[in-house]
Amino acid sequence: MRLSILLFALYQLVWISSKTNRAFKKFISKAKVRFLIKTEDGKYARLFVFDQGRVSTATGPDHAFDAALVWKDPKIAFSVMLKKNQVAVFNAAAEGKLKIEGMSVFALWFDKATSHIL
Amino acid sequence: MSKIYGGHLAAKYLKEVEHVDMVFTLSGGHIENILDGLTEYKIKTIDVRHEQVAAMMAHAWSVYTNKPGVCLVTAGPGFTNALTGIVNAHLENVPLVVLCGRHPLRDDLKGALQEMNQIDMVKPVTKWCATCYETKRIPEYLSIAFRQATMGRPGPVFLELPPDILFEEVDEKTVVIPKRRTHKTVTQPGKNELEEAARLINQAKKPIFLGGSGVGMSGCGDILEKFIEKTGVPISLVNYGRGVLSDNHPLSVNGGGFTGLNAGLPVVDVIIAAGVRFNWLLQCGQLFPDAKVIRIDIDPHEIDRNRHADVGLAGDVGQVLGQLLPLVEKRDHSPWLKSFKNAYSAFMTSELEKRKTPSDPIHPIRLVEQIMTVFGDDAFYVADGGDTSYYGLSGFASKHQGGVQTPAGGLLGCLGTGIPFALAAKLAHPDKPVIVLQGDGSFGFNGMEFDTAIRHNIPIICIINNDCAWGMIKHSQEVSLGANRLTCSELGMRHYEKVVEGLGGYGELVTIDAEIIPAIKRAVASGKPACINVMTDPTVTSPATVFFYQSFSEL
Chain A
1 MRLSILLFAL YQLVWISSKT NRAFKKFISK AKVRFLIKTE DGKYARLFVF
51 DQGRVSTATG PDHAFDAALV WKDPKIAFSV MLKKNQVAVF NAAAEGKLKI
101 EGMSVFALWF DKATSHIL
Chain B
1 MSKIYGGHLA AKYLKEVEHV DMVFTLSGGH IENILDGLTE YKIKTIDVRH
51 EQVAAMMAHA WSVYTNKPGV CLVTAGPGFT NALTGIVNAH LENVPLVVLC
101 GRHPLRDDLK GALQEMNQID MVKPVTKWCA TCYETKRIPE YLSIAFRQAT
151 MGRPGPVFLE LPPDILFEEV DEKTVVIPKR RTHKTVTQPG KNELEEAARL
201 INQAKKPIFL GGSGVGMSGC GDILEKFIEK TGVPISLVNY GRGVLSDNHP
251 LSVNGGGFTG LNAGLPVVDV IIAAGVRFNW LLQCGQLFPD AKVIRIDIDP
301 HEIDRNRHAD VGLAGDVGQV LGQLLPLVEK RDHSPWLKSF KNAYSAFMTS
351 ELEKRKTPSD PIHPIRLVEQ IMTVFGDDAF YVADGGDTSY YGLSGFASKH
401 QGGVQTPAGG LLGCLGTGIP FALAAKLAHP DKPVIVLQGD GSFGFNGMEF
451 DTAIRHNIPI ICIINNDCAW GMIKHSQEVS LGANRLTCSE LGMRHYEKVV
501 EGLGGYGELV TIDAEIIPAI KRAVASGKPA CINVMTDPTV TSPATVFFYQ
551 SFSEL
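Protein chains in written order, with the working numbering: chain A, 1 to 118; chain B, 1 to 555.
A couple of the hints might just be wrong.
Claimed, not checked - Some but not every residue of chain A turned toward chain B, in silico, with C-beta under 8 Å:
no., residue
1, Val49
2, Ile100
3, Ser104
Unchecked claim - Over the 12 Å line for every Cβ pair with chain B, so calculated as not near, a few chain A residues:
no., residue
4, Ile5
5, Leu10
6, Gln52
7, Gly60
8, Asn85
9, Gln86
10, Ala88
11, Asn91
12, Glu95
13, Lys97
14, Val105
15, Phe106
Don't read these hints as lab results, they were simulated from the structure.
Glycine included, C-beta positions come from ideal geometry on N, C-alpha and C.
Please work from the sequences and hints to get the whole structure.
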């Protein structure tokens, strides 16, 4: 539940920033990226869609994506994502609690994009 | 009185003093006498179909043999054609010796054939350049050229030899042949810097050794192995350093390729960067903001470039590691190494799955995996192209120095280097398989060099990753311009294998996964230079394209 709220709040922040944050707007202005964050069992999932400056979202795990962060369970996802810390993400991946499907370079892009707003 | 032509004198010096046994060239009237001299002094000549390939092969020869490569080109268009290869060597700091024809001195300013100011044009892209005006001084000029190319930080040199002096005869007794340099100037870091570097290495919890071309040019495999095995530091070798320690060494993290470095570098605490530049490929050193950086470089000016070094050690990589070795402690970083490998494997989940899964249409990374299945790590691999370079760099592994090269991924981004590099690799290592994974776009630059391969019996195996496009550009345009506005990025299906067949080589077209390995085996069995044209999925975009596009999208 907490993860769902976190993902929803993150999307809200992304949407507002796409209208108001000059650096973020510039960063996403040419990008076409579909980035999914979900748990392995698919119970928690949110898609972030960036389309040359416009952002939108969808819930559910079964969307096409360029990259997906797949978390072993929602608690770990919540605690690591809240830290906003590359070491925590790296450790989660090293310990088998996180994997990236699709191209990880899009995950790096998403991380860089959100660094403008978090 | 024994007379000798200037051209023969040049060849005599190359053979007897520099021990040059191979020269890469394309014939021309202005350089006829020196070509004849190469025959006289039994120096093997590899004559190519475009002078840029002569320069690129000589460049590659220096990478695969650790000796300066020599190319000989004629004046005018021979010179301008070679320029791309010279620039490439300049940006990669390679000891390339370019000998070039020139219009006759007697015809200066008369409108002679191929009269142009070559020196001013080549000056910005060479370490040294000169024109020799006197036959007797040819050996002296050559001696300077070789010294300049090889000493300190290496680089390309250019010597212009006018036909007036090449065709002139002189009394051999009056010529002074310089002795070959025997000294090696050594730059050493200070004791304090060495101790500080050792202290950082001994205290590190998550270190990495990142080695580049300076490792390869140092020829320091033995000392590097001792250093790595004593410190236990995970190692990634790139550029001409690749393979100095096998990609399959237990401490190597090269299996993660580009993705592995992107995953691991942001969390390391100490980086030992040896003979590697922090240029755009390493995000100018911004990828590891919190790490302590120890930089080893033969050029002291490189040490703080783009990223302040906590410790700078100026000197040859092998010599510096030799000085550090007694100062560092025996350590075991296996838990960190395991974390590193686990993390990048988690970041590469889809890529690792695709390698193991037959695909229709064929995924390029699956193609690379199938090639590796046939040849393993006892082979030399070259990849040439945009996306193709990424897949080659990521999927190939070799236990040989220079065993995996993606010359098109260097600073010049010089597509077309694949076939020249593969030819040079095969000449340097005739008993090893040499495979070039070639983009279909980049095949167009030097595909005609299969004629060179056939004339000189250099049986390389070229496998084309054919997506019928300039893939990296096409996929970028799909994002930036839209799929309906692609411009100059599509190529269409072409039977490149038939081009090679027409030239006398072996050719085969592959469209399904199951045929990749049998086709490669048939190509090997043919004993000829071979081209396997593999149709791959045109929709696949590599991470390199995304990375490349992003770097522009932020402008």
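We went through each hint and held it up to the structure:
no. : hint   : in the structure
1   : Val49  : 14 Å, violated
2   : Ile100 : 5 Å, holds
3   : Ser104 : 4 Å, holds
4   : Ile5   : 26 Å, holds
5   : Leu10  : 21 Å, holds
6   : Gln52  : 8 Å, violated
7   : Gly60  : 20 Å, holds
8   : Asn85  : 10 Å, violated
9   : Gln86  : 5 Å, violated
10  : Ala88  : 10 Å, violated
11  : Asn91  : 7 Å, violated
12  : Glu95  : 7 Å, violated
13  : Lys97  : 9 Å, violated
14  : Val105 : 4 Å, violated
15  : Phe106 : 7 Å, violated
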